[in-house]
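Taken in order, these protein sequences are the chains called U and F. Under my numbering, residues 3 to 176 are what the first sequence spells out, in order. Under my numbering, residues 3 to 176 are what the second sequence spells out, in order.
Since the hints were derived computationally from the structure, they do not count as laboratory data. In this text the structure is predicted, and so the values were computed from the model without any measurement. The reader is advised that the hints may include incorrect statements.
Just so you know, same-sequence chains aren't split out, so a pair can sit in one copy or run between any two.
Claimed, not checked - Result set (EDC-like, lysine to aspartate or glutamate): computed pairs, CA atoms no more than 20 Å apart in a straight line:
#, residue 1, residue 2
1, K160, E12
2, K107, D21
3, K63, E128
4, K107, E128
5, K55, E125
6, K106, D43
7, K107, E155
8, K55, D111
9, K80, D98
10, K106, D21
11, K106, E155
12, K160, E132
2 protein chains.
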Amino acid sequence: MRETYRILSEQGFSGASIDAIAKQSGVAKTTIYRHWPSRADLLLDACAKMGSKIEPPDTGKLKEDLTILLTHLARELKSARWSSILPSIVDAAERDPDVATVYKKLHGDLMAPYRTVLIRAQERGEFSKEIRVSDILAMTVGALFYRRWYSREPITEKLVSLTLNLALASFEIA
Amino acid sequence: MRETYRILSEQGFSGASIDAIAKQSGVAKTTIYRHWPSRADLLLDACAKMGSKIEPPDTGKLKEDLTILLTHLARELKSARWSSILPSIVDAAERDPDVATVYKKLHGDLMAPYRTVLIRAQERGEFSKEIRVSDILAMTVGALFYRRWYSREPITEKLVSLTLNLALASFEIA
Numbered sequence: 003m004r005e006t007y008r009i010l011s012e013q014g015f016s017g018a019s020i021d022a023i024a025k026q027s028g029v030a031k032t033t034i035y036r037h038w039p040s041r042a043d044l045l046l047d048a049c050a051k052m053g054s055k056i057e058p059p060d061t062g063k064l065k066e067d068l069t070i071l072l073t074h075l076a077r078e079l080k081s082a083r084w085s086s087i088l089p090s091i092v093d094a095a096e097r098d099p100d101v102a103t104v105y106k107k108l109h110g111d112l113m114a115p116y117r118t119v120l121i122r123a124q125e126r127g128e129f130s131k132e133i134r135v136s137d138i139l140a141m142t143v144g145a146l147f148y149r150r151w152y153s154r155e156p157i158t159e160k161l162v163s164l165t166l167n168l169a170l171a172s173f174e175i176a
Numbered sequence: 003m004r005e006t007y008r009i010l011s012e013q014g015f016s017g018a019s020i021d022a023i024a025k026q027s028g029v030a031k032t033t034i035y036r037h038w039p040s041r042a043d044l045l046l047d048a049c050a051k052m053g054s055k056i057e058p059p060d061t062g063k064l065k066e067d068l069t070i071l072l073t074h075l076a077r078e079l080k081s082a083r084w085s086s087i088l089p090s091i092v093d094a095a096e097r098d099p100d101v102a103t104v105y106k107k108l109h110g111d112l113m114a115p116y117r118t119v120l121i122r123a124q125e126r127g128e129f130s131k132e133i134r135v136s137d138i139l140a141m142t143v144g145a146l147f148y149r150r151w152y153s154r155e156p157i158t159e160k161l162v163s164l165t166l167n168l169a170l171a172s173f174e175i176a
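Looking at chain U on its own, in the form it has when it is part of the complex:
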């Protein structure tokens, strides 16, 4: 798993063949396939373990909960290994339906804490039931992802709080 991880971050998804992983790790291919039915399963399993899991906070205020989560995300986007691997999974998912299927689960797991705090806040009445949780996700997490991989800006604390303030403002009057 450690070798898989290293190869993934150095060479991306397309460079991480079962052959290369078997060779570098000294684990036989048959053994690898006994644990993971396909290359996509192995790679995504490696990825699933790489983000430091965060429990959904529960401060009673959406703004505080989201600040905790987005600050954590900003830090991970800056330094966690998964942040340099994810683009290559997203790219692979574009061309390989098997990867797309497993990626979907990975993405769901990544987003679970955000969904939890948003759904709780919606139930507390902090924003209208008519606003879809996935829209808020796209605007907050999406904005940070955009800055990390598309505009390639440094994700500062200030940027996180601006994004968050704008997103929160949006549904106060939406």
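On the provided structure of chain U, position chain F as indicated by the hints.
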């Protein structure tokens, strides 16, 4: 260029070697290198030509201008070839500083119409000078990018208008 394009969309950035392009197109490698100093230059040049360029609209209302641009973007994200190639450029930029440099320009070109309409609206006083244009970009374009490549949701017209309404609401009271 056409072959480059085809190889890019089928195999991604990592599969599009100069060797493969020379072989498929029947153009000698020396000729290719006479036109493009490096592989990254050729690939990004191919990408730069693939989005259908859109002139920044100028209706006098930010909401209308952005609706035009985001509707166009949503359509391109659904069907334009560049939308299945971009993730592989983003991935390559992660690992190759040369690609990152050329990608930066490509991204700037892609975003230029959005910047233009946002700056005009800001000058008209439609939103505060304290709001950074790049924050609005991250929340609108970023949200659509997120839906296209990360959450992999279909980008419907309704989704575009929801994103836009939330983003516009955000700076009415921000």
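Check your understanding: Does the structure break any of the earlier hints, and which numbers would those be?
Key -> 1, 2, 4, 5 and 10
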